[in-house]
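Engineer: Line order of the protein sequences matches chains H and D.
Quick note on the numbering used here: the first sequence kicks off at 1 and runs consecutively.
Quick note on the numbering used here: the second sequence kicks off at 154 and runs consecutively.
Since the hints were made in silico from the structure, they are not lab data.
No false leads were slipped in.
Covered stretches of chain H (chain D as the covering partner; in silico rule of three or more C-beta atoms under 8 Å from a C-beta of chain D):
hint	segment
1	14 to 21
2	80 to 89
3	100 to 108
Straight-line C-alpha distance at most 25 Å; calculated DMTMM-like pairs for lysine to aspartate or glutamate:
hint	chain 1	residue 1	chain 2	residue 2
4	D	Lys-256	H	Asp-105
5	D	Lys-184	H	Glu-18
6	D	Lys-271	H	Asp-105
7	D	Lys-271	H	Glu-138
8	D	Lys-271	H	Asp-11
9	D	Lys-256	H	Glu-51
10	D	Lys-255	H	Glu-51
11	D	Lys-209	D	Glu-228
Now the in silico label distances, taken between C-beta atoms and shown as ranges:
hint	chain 1	residue 1	chain 2	residue 2	range
12	H	Glu-29	D	Ser-239	50 to 60 Å
13	D	Ser-239	H	Gln-31	54 to 64 Å
14	H	Ser-126	D	Ser-165	48 to 58 Å
15	H	Gly-50	D	Gln-236	32 to 42 Å
16	H	Ser-33	D	Gln-236	48 to 58 Å
17	H	Arg-111	D	Ser-239	30 to 40 Å
18	H	Asp-76	D	Glu-205	27 to 37 Å
19	D	Glu-205	H	Asp-11	32 to 42 Å
20	H	Ile-119	D	Gln-274	26 to 36 Å
Glycine included, every Cβ here is placed at the ideal spot set by N, Cα and C.
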Amino acid sequence: MRYTFIRPFLDAAQTVLEDVLSEQTPVGEPQLSSKTLAGLGVATIVGITGEADGRLLINMTRESAVGIAQAMNGEDCSELGALGQDTLAELTSMVTGRAISTLNDAGHRLRVSPPTILIGENLTISGLEMETLVVPLETTHGKVVVNIAVTTN
Amino acid sequence: MKNKERDKNVVSNFSFMVVDDSQFACRNMEKMMVAIGGTLVGFANNGREAVERYPKLHPDLVLMDITMPEMEGIEAVEGILAQDSSAKVVMVSSMGYQGMIKKALASGAKHFLIKPVKPEQAASVVKFVLKES
Chain H
1 MRYTFIRPFL DAAQTVLEDV LSEQTPVGEP QLSSKTLAGL GVATIVGITG
51 EADGRLLINM TRESAVGIAQ AMNGEDCSEL GALGQDTLAE LTSMVTGRAI
101 STLNDAGHRL RVSPPTILIG ENLTISGLEM ETLVVPLETT HGKVVVNIAV
151 TTN
Chain D
154 MKNKERDKNV VSNFSFMVVD DSQFACRNME KMMVAIGGTL VGFANNGREA
204 VERYPKLHPD LVLMDITMPE MEGIEAVEGI LAQDSSAKVV MVSSMGYQGM
254 IKKALASGAK HFLIKPVKPE QAASVVKFVL KES
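For reference, chain H alone in the conformation it holds in the complex:
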């Protein structure tokens, strides 16, 4: 795992969340994990390719996802329908875009895939057995857990 590549994703997640929610989002206790991930209710996943391989997974409860989508739109997103899901996808794209920009400006060459959204209770996400840094961010809508794993080729 390369912290050079990981740090910009964490910084981007915190900065973008703070920007779109207009609030501080303190960082909780980070952990390392390489186990199958238990989804909290809503997860967005982005693949990272190029100079390094990896993925960013943003994991949150349905309540947190709805609260964030509503705050970003200023309207009801309680069903997490097309607009709510699109909002979470765009939030994830803003995080990855900012991180990739930081890394590319530093001379690295990375690309990201469009985000995929998973919604469901008791969701387990397997096939992700890479050493992953798991960092919770506290928002007024609940916890947003950022999972980032990057390995160099």
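Fit chain D to the known structure of chain H by using the hints.
Structural biologist: Below, chain D alone, put in the same frame as chain H:
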């Protein structure tokens, strides 16, 4: 004198088109532009649609995402400018690294806004771009 000072902070009425494959991004940008005096003439969900719709809608300003299906934003800027060399396009993207910004400006875009866009940044860029002519 007071009126002149106030006028400096007002964007005169302008028409705009938003090009983005994200419904959230389109609506968010629409709200921001309307709040500073803009009138929406239409959306496009990718670059190809933008190139097709531009001559019919002929907006004063185009707000263009970069990463989109079918045709990306930079190619769409070139397509729009090939039809109207005076078109004013502002790129709006989360991919704000130097290489991308240079590429966008080289394609003919007038300015670059990095997502998430703050309303005051958007107002400042729109004022600058519309007064440039």
